[in-house]
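Respectively, the protein sequence lines represent chains X and Y.
Going by the working numbering, the first sequence opens with residue 1, and the numbers climb by one from there.
Going by the working numbering, the second sequence opens with residue 284, and the numbers climb by one from there.
Don't read these hints as lab results, they were simulated from the structure.
Please note that a few of the clues may not be correct.
Said to hold, decoys possible - Straight-line distance between alpha carbons at most 27 Å, and here's what the computed DSS-like set of lysine-lysine pairs gives:
| hint | chain 1 | residue 1 | chain 2 | residue 2 |
| --- | --- | --- | --- | --- |
| 1 | Y | Lys385 | Y | Lys316 |
| 2 | Y | Lys380 | X | Lys117 |
| 3 | Y | Lys316 | X | Lys114 |
| 4 | X | Lys114 | Y | Lys385 |
| 5 | Y | Lys545 | X | Lys114 |
| 6 | X | Lys114 | Y | Lys382 |
| 7 | Y | Lys545 | Y | Lys380 |
| 8 | Y | Lys545 | Y | Lys460 |
| 9 | Y | Lys312 | X | Lys77 |
| 10 | Y | Lys385 | Y | Lys460 |
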Amino acid sequence: MESEVATDATPGSTSRGPGPAGALSAWEGMARQYDYWLTVLKRTWRGGVVSSFLTPLLYVVAMGVLLGGFIEGDPDKLEGATSYLAFVVPGLVASHAMTIAVSESTYPVMGAIKWHKTFYAQLATPLAVRDLVNAFIGFVMFRVASACAVFMLVIAPFGVFATWWGPILAWLSQVLVGFAFATLVFAYSARLRSEEGFGVLFRLGVIPLTLFSGAFFPIGNLGPVLEWLARLTPLWHGVSLSRMFCVGQVDWSLALLHVVVLATLTVVGWFLAVRNLDRRLEV
Amino acid sequence: MALLQDIPAPLTPAAATRVLVLRNYVVYKDAWKLFITGFLEPVFYLFSIGIGVGQLIDTFEFHGEAVPYAEFVAPAMLATSAFNGALLDSTYNVFFKMKYEKLYDQMLATPLSTSDIARGEIAWGLMRGSVYSAAFLVVMAAMGLTSSWWALLALPATILIAFAFSAVCMAVTTWMKSWQDFDKITLVQMPLFLFSATFFPVEAFGDGVLRWVVEATPLYRGVVLCRELTTGVVTWESAVSVVYLVAMGIIGLLVVRRRLDKLLLT
Chain X
1 MESEVATDAT
11 PGSTSRGPGP
21 AGALSAWEGM
31 ARQYDYWLTV
41 LKRTWRGGVV
51 SSFLTPLLYV
61 VAMGVLLGGF
71 IEGDPDKLEG
81 ATSYLAFVVP
91 GLVASHAMTI
101 AVSESTYPVM
111 GAIKWHKTFY
121 AQLATPLAVR
131 DLVNAFIGFV
141 MFRVASACAV
151 FMLVIAPFGV
161 FATWWGPILA
171 WLSQVLVGFA
181 FATLVFAYSA
191 RLRSEEGFGV
201 LFRLGVIPLT
211 LFSGAFFPIG
221 NLGPVLEWLA
231 RLTPLWHGVS
241 LSRMFCVGQV
251 DWSLALLHVV
261 VLATLTVVGW
271 FLAVRNLDRR
281 LEV
Chain Y
284 MALLQDIPAP
294 LTPAAATRVL
304 VLRNYVVYKD
314 AWKLFITGFL
324 EPVFYLFSIG
334 IGVGQLIDTF
344 EFHGEAVPYA
354 EFVAPAMLAT
364 SAFNGALLDS
374 TYNVFFKMKY
384 EKLYDQMLAT
394 PLSTSDIARG
404 EIAWGLMRGS
414 VYSAAFLVVM
424 AAMGLTSSWW
434 ALLALPATIL
444 IAFAFSAVCM
454 AVTTWMKSWQ
464 DFDKITLVQM
474 PLFLFSATFF
484 PVEAFGDGVL
494 RWVVEATPLY
504 RGVVLCRELT
514 TGVVTWESAV
524 SVVYLVAMGI
534 IGLLVVRRRL
544 DKLLLT
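Looking at chain X on its own, in the form it has when it is part of the complex (with noise of 0.2 Å):
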């Protein structure tokens, strides 16, 4: 019996992390489940709108033209952006960014472990751990890069771009945002077991981060205990970095570092996620 198990390992067996021979490659893993995602976009795709496109560009008229319309262009007290309204587009995008990658990857996780056991079922196929975080996180950054696309898009006739590629390099460092955020929170929700937690992270996590990380305003404003406090928070690496590009004045630099900051959260988060949720499902 026991040298059975020991030399079982056919797909369908129990094996769970990237298992030996026979298990699915983490590509086929992740495409294996591309008609499951696609349904489930096609479904719920209308609840986004409103949230996705609608709410950040009232906040672009609001908070850009109108107040912006009362702040001075002054490029030595803005980082460098010649008006508010191109100050506050990238920081807003970015923020944008990491509030969708948040809220994609706090209920619907607990809800495929704990209300709809998704996982649970899609565990009982060929598919191990890791392919269910691959392409759990596939999803939402599907949705966090076309959101973000789309909102770079509309921003584009309020002439607010310095360069041509500076926003397509803005663009890609606001999905570095959304894929930092959407794995450490997938590690942090998969812990979780009840969801009053998501109601504090949003509000000790999410608000105070996309007030504070200079999406709004230069962090240099917030004296300069807070300001170090702010440069060592994920969102304000993403902040700067798509302003940069978007101002057109890169810190060549900096920029390298704020991409090593965001790429290592990432894989940090990708670790947890796949460790928590292997030991969650195990009961």
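Given chain X's structure and the hints, the job is docking chain Y onto it.
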């Protein structure tokens, strides 16, 4: 539930309201983390927009007086937090209780009536909201953002704002069919939040029709009322705002009662 024992059998409206408030208190006690952090949200906005963005702006004119930006934004945050709180409580929560928990159906099997339910739910929302508002006013005063004793009246003003919106939103919720319908709530909530002279003066809309539209919206009335009280520039316009909000609340309450009668008693 010793508290419930001394309630007379045919319920008076006051006793009925008390039962409902008590019920909500018992349920809400477990979610104290959400309660505490709910207070932080407007404070974060105040620090971020008022102080961070405030360094990019000198002062704004309000009724002919120069007001520093933080002092301009703070009363708006006070008013909008009362608005947001009332809105959340009287839409999502009410919808959940009505449609999924079937809580109101259960309550109607007791001596409670539909108007008791409407009154009780709104009273609870107002009590919860006024705790937040009072705390926020204390923060404002501590930061030196209130420049008149009129500011004390800002607390009843926020309760009035919350009352007007709770009643109307609860009425609107009775027509909701699914969670998708809540998109429409967001669709109204966001523009009200952003364009009610919250972050910039109403003069930004020019002198045309647009400005008149903004001045006729309920949240604008609430924001201006709070701003008039905390800066001490009280005018006749303040009375207009008060009458407006009172009327809005009463109409809302009447509609809620009629709708609940129709939905739950027929």
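Checklist entry - Failing hints, ascending? => result 5, 9
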